[in-house]
Amino acid sequence: MSITQDQGKMSTTAKQHQKLPEGLTESQLKAIYEAMLLTREYDDRCLKLQRQGRIGFYAGSFGEEACQIGTAFALREQDWIFPSYRQPGVALLRGVPLQSMMNNLFGNSADVVEGKQMPVHYTSREHHFLSISSVIGTQVIQAVGCAMAAKIKKDEAVVLTYFGDGGTSSNDFHSGMNFAATFKAPCIFALVNNQYAISVPVSKQTSVECLADKAKAYGMTGIQVDGNDVLAVYRATKEAMQRAKVGEGPTLLELKTYRAGPHSSSDDPTRYRSKEETEKWLKRDPILLFQKELESLGIWTEAYEADVKASIQNKISEAIKVAESLPQPPWESLFEGVYSNDPQALMAQKEDILTHESGLELTNEGEFPL
Amino acid sequence: MSITQDQGKMSTTAKQHQKLPEGLTESQLKAIYEAMLLTREYDDRCLKLQRQGRIGFYAGSFGEEACQIGTAFALREQDWIFPSYRQPGVALLRGVPLQSMMNNLFGNSADVVEGKQMPVHYTSREHHFLSISSVIGTQVIQAVGCAMAAKIKKDEAVVLTYFGDGGTSSNDFHSGMNFAATFKAPCIFALVNNQYAISVPVSKQTSVECLADKAKAYGMTGIQVDGNDVLAVYRATKEAMQRAKVGEGPTLLELKTYRAGPHSSSDDPTRYRSKEETEKWLKRDPILLFQKELESLGIWTEAYEADVKASIQNKISEAIKVAESLPQPPWESLFEGVYSNDPQALMAQKEDILTHESGLELTNEGEFPL
Amino acid sequence: MAEMTLLQAINTALHEEMARDEDVVVLGEDVGVNGGVFRATEGLYQKFGAERVMDTPLSESGIIGSAIGMAVYGLKPVPEIQFADFIYPAFDQIVSELAKMRYRSGGDFTSPVVVRTPYGGGIRGGHYHSQSPEAYFCHTPGLQVVIPSNPYDAKGLLKSAIRGEDPVIFMEPKKIYRAFKQDVPQEDYVIPIGPANVVRSGTDVSVFCYGSMVQVAEKAANKASEDGYQVEIVDLRTLYPLDIQTILNSVKKTGRAIVVYEAPKTCGYGAEIAATIAENAIEYLEAPIIRVAGLDTPFPYTLEYVYMPHPARVYRAIQDVLNF
Amino acid sequence: MAEMTLLQAINTALHEEMARDEDVVVLGEDVGVNGGVFRATEGLYQKFGAERVMDTPLSESGIIGSAIGMAVYGLKPVPEIQFADFIYPAFDQIVSELAKMRYRSGGDFTSPVVVRTPYGGGIRGGHYHSQSPEAYFCHTPGLQVVIPSNPYDAKGLLKSAIRGEDPVIFMEPKKIYRAFKQDVPQEDYVIPIGPANVVRSGTDVSVFCYGSMVQVAEKAANKASEDGYQVEIVDLRTLYPLDIQTILNSVKKTGRAIVVYEAPKTCGYGAEIAATIAENAIEYLEAPIIRVAGLDTPFPYTLEYVYMPHPARVYRAIQDVLNF
Ligand SMILES: Cc1ncc(C[n+]2csc(CCOP(=O)(O)OP(=O)(O)O)c2C)c(N)n1
Ligand SMILES: Cc1ncc(C[n+]2csc(CCOP(=O)(O)OP(=O)(O)O)c2C)c(N)n1
Ligand SMILES: [Mg+2]
Ligand SMILES: [Mg+2]
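Listed in order, the protein sequences are those of chains A, B, C and D.
Reading the first sequence from the start, the letters are residues 1 to 370 in the working numbering.
Reading the second sequence from the start, the letters are residues 1 to 370 in the working numbering.
Reading the third sequence from the start, the letters are residues 1 to 324 in the working numbering.
Reading the fourth sequence from the start, the letters are residues 1 to 324 in the working numbering.
Think of the hints as simulated: they come from the structure by calculation, not from any bench.
Just so you know, not all the hints are guaranteed correct.
Far from chain A, some chain C residues (derived; all Cβ distances over 10 angstroms) [claimed, not checked]:
| # | residue |
| --- | --- |
| 1 | R52 |
| 2 | K100 |
| 3 | S105 |
| 4 | E165 |
| 5 | F180 |
| 6 | D243 |
| 7 | Q245 |
| 8 | A312 |
Think about it this way: if two alpha-carbon atoms lie no more than 25 angstroms apart in a straight line, the pair counts; the simulated SDA-like pairs of lysine to any residue are [claimed, not checked]:
| # | chain 1 | residue 1 | chain 2 | residue 2 |
| --- | --- | --- | --- | --- |
| 9 | A | K204 | D | N280 |
| 10 | A | K309 | A | R284 |
| 11 | A | K154 | C | D204 |
| 12 | B | K204 | A | K275 |
| 13 | A | K275 | D | A50 |
| 14 | B | K48 | B | L288 |
| 15 | C | K47 | B | T270 |
| 16 | A | K184 | C | K159 |
| 17 | A | K153 | C | K159 |
| 18 | C | K252 | D | D320 |
| 19 | D | K253 | B | A348 |
| 20 | B | K283 | B | Q195 |
| 21 | C | K252 | D | E226 |
| 22 | B | K350 | C | D21 |
| 23 | D | K253 | C | D204 |
| 24 | A | K153 | C | T110 |
| 25 | C | K219 | B | K153 |
| 26 | A | K153 | C | F109 |
| 27 | B | K184 | A | E357 |
| 28 | C | K219 | C | D204 |
| 29 | D | K252 | B | E351 |
| 30 | B | K154 | D | Y45 |
| 31 | C | K252 | D | A50 |
| 32 | A | K350 | C | R178 |
| 33 | C | K47 | C | R178 |
| 34 | D | K159 | B | N341 |
| 35 | B | K238 | B | E22 |
| 36 | B | K153 | D | K47 |
| 37 | B | K275 | C | F109 |
| 38 | A | K204 | B | D155 |
| 39 | C | K47 | A | D155 |
| 40 | D | K253 | C | E286 |
No residue lacks a Cβ here, since even glycine has one placed at the ideal position from N, Cα and C.
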């Protein structure tokens, strides 16, 4: 999972420490750090692509790198992710190819779904990373069903689902929490409390002070974690994994953090929150915090960071170049894949359009407002 | 609100007690008792009507009389009820005429909704008793909206909504609790935990032990009350009213009781629970409990009960007689009242049917399975 | 062969499919210990245990949402929605998720859930126990919509649905759950999803219908045959995908079309049949396409027998198209 | 008169109605401080305060459910559902409650809620920011469904909706929110719910459409007029109740009908128009009724311009019915 291959480099210094935190090895700590950096760089570049008009939409996870990597790093290959739209870092850490993600952003012919989904809606069964829905909360109960299924089939798999503070108000947060507790599903609820649902602050979202307390309605364990401390997130997730594995059922993890960027490329946060507030949170930038920790462990150096970044940036640039150069998906793709077999009505529509319209000039217009 | 008019009768004995419970007067205590008796008798007769094939469906509230009367007795005229289908006693206590309710059961021409709703789906704006929906949970968030409206309009009204243990799993329990707490709506949630949702025991409904704890997810006050003790229910409701009135927002009251009868006339509870279980609960019959209390206060005597019962039975018999004698609503009524103005498409349907079908023999068949 | 009701046929299909494939699981309200409020799942809990026959909390959204997750993982969930009227809390999961999972993931993930739900009027159930919401689902690409009209079809179609790779909304006409018995083979058989069934052939008028309306159409056709007219009745069986060819063939032969359905007339499924004919076979038509349907009102209680299409109304429509 | 976009017309109507009647309240996600993600509620919060312009928790079911309770009490709620694609979590409240409140209570209770929601494609929004679910609501007795196609209508229709006594699903074609400006009177005016609008009269072909499809139809009609054909365009404006008379009059005149809509073709609203014509005016038809519609697939991203009805497709349909 490590991005740079030269993992030996800092080992002499690191070895001075008898014991590294959370029982992690140096290379694991570096993998975490690098995954966080990759997430940050990926977000950064993609938002720029949108600003430059090269892709239609982007929603970044700036500030939420620890929430993503701390949780996902605790999972095993057989575990599952039911994500929301704000976990690019998780997809990358699971091994979803950067190129595949970039193809989604451009909606090109190489895209797994051939441009059928908006940007940031990734999918990868191979990596147990469920196709992302825009609809808030729906994945939560689905994750529970998946966990119930694993339990029924006696597989040792845990399902981790991500959703936001806004998501806790959705119908399927409620059904998901309730089903999970009632069926003791091996499931972890990662509530990324980034303080906002677009413009709505968490204080208008719910009147409970500690969102982890929502677990109490369901007889579930609920834990609040500093979502900017990647190792704290990792530890809490490990513990939740343990509970799930021994049949003690689900855990709600409230990862308290801050959405440091705009909601999405369509959003202007200055309309509803102060720069001071944002700056205050940026002092606890999760990457910076972890970097300091690694530095004190003798693992981080400027040169190391520069190396990693350079490597990441190259890969991203490469992926962008390829994705951008690919053509749109063929028109045929539009009509395929709704069912395992194509229905007659739809095939008639296909024939109608492909036979007659391909010569006519149909133009692509419109922009996304959110 | 008292049913028998001879309220003076027991007063000499009663006066020996310096202070009656909950600051209630003797006539209020009797009103509560009589309302509970009326509820029991009403349920009893109506279920029999169904068994005799005279009405199509009935769902009784046997065992839940204290939950109904204890709560509703604490309300004032300006307050509102957003009921479920298991509060006939509340409707009666609010003053909804027995005859009107009976007309609903028969779906006759005098029915307020002209046979458009199933039995037990009463409505009375005059008594601030919302038209009942069969759909579990929907009234909960509506009650909250109503309370928000009263607050916006600066009216001093409190809204009380009823729902069951099954109802706590519904989407709109969640949205209702959350909106109420967030907007500090003057609202009371009466969760009648009668241990069953049809055949599903509360242990399969949720894994929380105390259902009042569900309030904790919303930052709301939650209180568990002995739902078979009418005065305890009354007291808790009064306190919740007080919180609502002074702007402290909503309260969740878990009224712990037992559905002593079948879910409805279509249900056979022997399929899923033991007679012993039911008998155990019947020892705490809320009417019997209250009767003993009244007896110890010198208010209850056998003669008094007999008098009240006789009067109630007469009234019910009378209402049944009238309701049963009335014809079906006219066919025209079917087409009216969907909108404030009748749409053209619907009027064409009306003309089509009324002009042509009235001579043909259309037969009424089918029975309700639930 | 065994004589059985539609309800028994459903129950038999569930028993057989659960025995055949251990990935088949059933979930819903009261489907376990109680065997379902209509008894469609009777005996499953006792036979296959609590893990495969799950009494769930009272949440349709939870039932369908968890079923989707199960299907994604590899099970074959057959959730029951107690009444079609209560499917709406799950509408978001059905429309946004169940229907779109395959398409939105490029086939990476699928959710072949079979949602069983009793629908329709005729049981004195009023607004909330009588609705026929099939048109909503037919307008939702990604779903298949299947409605049997008799015990034989019910068993064969449900088996197909469970063995298929796509989500199915399987709607059961509860009015005829126990209305009549039919010989149903005891051996395994499937009826494919797709083809309509010409249950009576005729040359004068085509009547398109499904579910409990097939019987209504038959009564009307009997009456018309007394007048010397041969009515063709097409039981659609599968509403989506629709067997357009069978419909057009029938209309081309008879030149007259009637659609019978219980749901409110406007934007009901019959509109699609009429539009399909008007788009593809208008030159064969000798009369207006008449829709005999429910009313544009919520479903009533006392007068449901006036609300619902009745043989008399269908018979009059037959006369109208013949006399046009 | 003021030049304004459709979005500005909506915003103006909201400002004016809130000033006119203090019972009018607005609620929804991001509608307050942020003025709505499309800015339709811009300035309302600042002008009318947090009590009348409510930022709600993220729950559409909660938004509609609480609005129903408010309306029952006597307010006039105008909730916003941020995208029509997210109306499904509220589907139960809309179908089971909002639509049925008046009928089921014999008029005792009413819930005149006006649900505003942007719908439709053309903004590169993919599956979940492009849907056109109007047919679901038109098939739900008790609801009115209104869709403006231009700024002038938007203001007048929204005002009617807010002043009316029945629930309205007010769908706003977001593709043309800012696409063009129009002169809109600054004084108060209403456009009644019900009548369709013949935006261009012609004798050769009738095109029925609404929302952003009106412009599409107009472009096609322009092209056809170059060929010497006069196309009549009927902007339905109100989908339920439908102005059947205007439709039939148009078809009786032209003998040829085309319906244009963005939603998936099967069981879409155009099916109802086709069925209505086929039921009431078939003898006037000289050609098939063609539906130019979205596809029977979820809404795509990259190729949305192929998915959506385009002037070229409408133009071809015009040629087809003319050459039939
Ligand atoms: C059901 C639904 N309603 C509304 C939206 C529009 N919307 C998209 S993101 C969002 C806010 C989500 O907030 P939160 O759950 O806290 O997640 P975050 O964006 O902060 O990661 C809203 C309202 C949606 N996608 N789905
Ligand atoms: C949304 C919905 N789903 C299912 C049903 C069918 N149903 C009717 S009552 C009931 C159980 C309700 O249990 P609870 O909320 O505890 O109320 P109780 O009947 O015990 O008073 C069910 C499942 C329904 N009416 N509405
Ligand atoms: Mg958030
Ligand atoms: Mg109960």
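So, going through the hints one by one against the coordinates:
1. With a minimum CB-CB distance of about 7 angstroms to chain A, R52 (chain C) fails to clear the 10 angstroms threshold, and the non-interface call is violated.
2. Remark: the non-interface label on K100 (chain C) conflicts with the geometry, its nearest Cβ contact in chain A lying 8 angstroms away (cut-off 10 angstroms).
3. Here S105 (chain C) does not stay apart from chain A, with its beta-carbon only about 4 angstroms from theirs, under the 10 angstroms limit.
4. With a closest Cβ-Cβ approach of about 4 angstroms to chain A, E165 (chain C) is found to fall inside the 10 angstroms limit, against its non-interface label.
5. Every CB of chain A is more than 10 angstroms from the CB of F180 (chain C) (nearest about 32 angstroms), matching its label as outside the interface.
6. Once the 10 angstroms rule is applied to beta carbons, D243 (chain C) is inconsistent with being away from chain A; the minimum gap is 8 angstroms.
7. With a closest Cβ-Cβ approach of about 8 angstroms to chain A, Q245 (chain C) is found to fall inside the 10 angstroms limit, against its non-interface label.
8. Every Cβ of chain A is farther than 10 angstroms from the Cβ of A312 (chain C); the closest lies at roughly 33 angstroms, confirming the non-interface assignment.
9. In summary, the hint linking K204 (chain A) to N280 (chain D) is not supported, as the alpha carbons are separated by about 53 angstroms, beyond the 25 angstroms threshold.
10. With a C-alpha separation of about 21 angstroms, the suggested pair K309 (chain A) and R284 (chain A) falls inside the 25 angstroms cut-off, and the hint holds.
11. The hinted pair formed by K154 (chain A) and D204 (chain C) fails the criterion: a straight-line CA distance of about 60 angstroms is larger than 25 angstroms.
12. Simply put, K204 (chain B) and K275 (chain A) have alpha-carbon atoms about 48 angstroms apart, too far for the 25 angstroms limit, and the pair is violated.
13. This hinted pair checks out: K275 (chain A) and A50 (chain D) have alpha carbons roughly 23 angstroms apart, not beyond 25 angstroms.
14. For the hint linking K48 (chain B) to L288 (chain B), the alpha-carbon distance of about 22 angstroms falls within 25 angstroms, and the restraint holds.
15. Only pairs whose Cα atoms come within 25 angstroms are accepted, and K47 (chain C) paired with T270 (chain B) is accepted, the gap being roughly 20 angstroms.
16. Proposed proximity of K184 (chain A) and K159 (chain C) is contradicted: the alpha carbons are some 31 angstroms apart, above 25 angstroms.
17. Restraint check for K153 (chain A) and K159 (chain C): the C-alpha separation of about 22 angstroms stays at or below 25 angstroms, so the hint holds.
18. Only pairs whose Cα atoms come within 25 angstroms are accepted, and K252 (chain C) paired with D320 (chain D) is accepted, the gap being roughly 21 angstroms.
19. Between K253 (chain D) and A348 (chain B) the alpha-carbon distance is near 22 angstroms, which keeps this suggested pair within the 25 angstroms criterion.
20. For the hint pairing K283 (chain B) with Q195 (chain B), the CA-to-CA distance comes to about 16 angstroms; that is within 25 angstroms, so the pair holds.
21. A C-alpha spacing of about 36 angstroms is found between K252 (chain C) and E226 (chain D), which places the hinted pair above 25 angstroms, so the restraint is violated.
22. Of the pairs offered as hints, the one joining K350 (chain B) and D21 (chain C) is violated, with about 51 angstroms between alpha carbons and a cut-off of 25 angstroms exceeded.
23. Simply put, K253 (chain D) and D204 (chain C) have alpha-carbon atoms about 30 angstroms apart, too far for the 25 angstroms limit, and the pair is violated.
24. For the proposed pair K153 (chain A) and T110 (chain C), the alpha carbon gap of about 18 angstroms is at most 25 angstroms, so the pair holds.
25. Under the criterion of a C-alpha separation no larger than 25 angstroms, the hint pairing K219 (chain C) with K153 (chain B) is inconsistent with the structure, at around 58 angstroms.
26. With a C-alpha separation of about 18 angstroms, the suggested pairing of K153 (chain A) with F109 (chain C) holds against the 25 angstroms cut-off.
27. Distance restraint check for K184 (chain B) and E357 (chain A): the Cα-Cα separation of roughly 57 angstroms exceeds the 25 angstroms cut-off, and the hinted pair is therefore not satisfied.
28. Distance hint between K219 (chain C) and D204 (chain C) is fulfilled; the C-alpha atoms sit about 16 angstroms from each other, no more than 25 angstroms.
29. With a C-alpha separation of about 23 angstroms, the suggested pairing of K252 (chain D) with E351 (chain B) holds against the 25 angstroms cut-off.
30. At roughly 19 angstroms between alpha-carbon atoms, K154 (chain B) and Y45 (chain D) fall within 25 angstroms of each other, so this suggested pair holds.
31. Using a Cα cut-off of 25 angstroms, the hinted pair K252 (chain C) and A50 (chain D) is violated, with the two alpha carbons roughly 63 angstroms apart.
32. Between K350 (chain A) and R178 (chain C) the alpha-carbon distance is near 43 angstroms, which puts this suggested pair outside the 25 angstroms criterion.
33. Distance hint between K47 (chain C) and R178 (chain C) is fulfilled; the C-alpha atoms sit about 23 angstroms from each other, no more than 25 angstroms.
34. About 18 angstroms separates the Cα atoms of K159 (chain D) and N341 (chain B), which keeps this hinted pair within 25 angstroms; it holds.
35. Simply put, K238 (chain B) and E22 (chain B) have alpha-carbon atoms about 10 angstroms apart, close enough for the 25 angstroms limit, and the pair holds.
36. Among the hinted pairs, K153 (chain B) with K47 (chain D) is consistent with the structure: their alpha-carbon atoms are about 18 angstroms apart, no more than 25 angstroms.
37. For the hint linking K275 (chain B) to F109 (chain C), the alpha-carbon distance of about 48 angstroms lies beyond 25 angstroms, and the restraint is violated.
38. Our distance criterion of 25 angstroms between C-alpha atoms is met by K204 (chain A) and D155 (chain B), whose separation comes to about 23 angstroms.
39. With a CA separation close to 23 angstroms, the supplied pair K47 (chain C) and D155 (chain A) stays within the 25 angstroms bound.
40. Between K253 (chain D) and E286 (chain C) the CA atoms are separated by roughly 20 angstroms; this keeps the pair inside 25 angstroms, and the hint holds.
Against the hints set out earlier in the document, violations occur for numbers 1, 2, 3, 4, 6, 7, 9, 11, 12, 16, 21, 22, 23, 25, 27, 31, 32 and 37.
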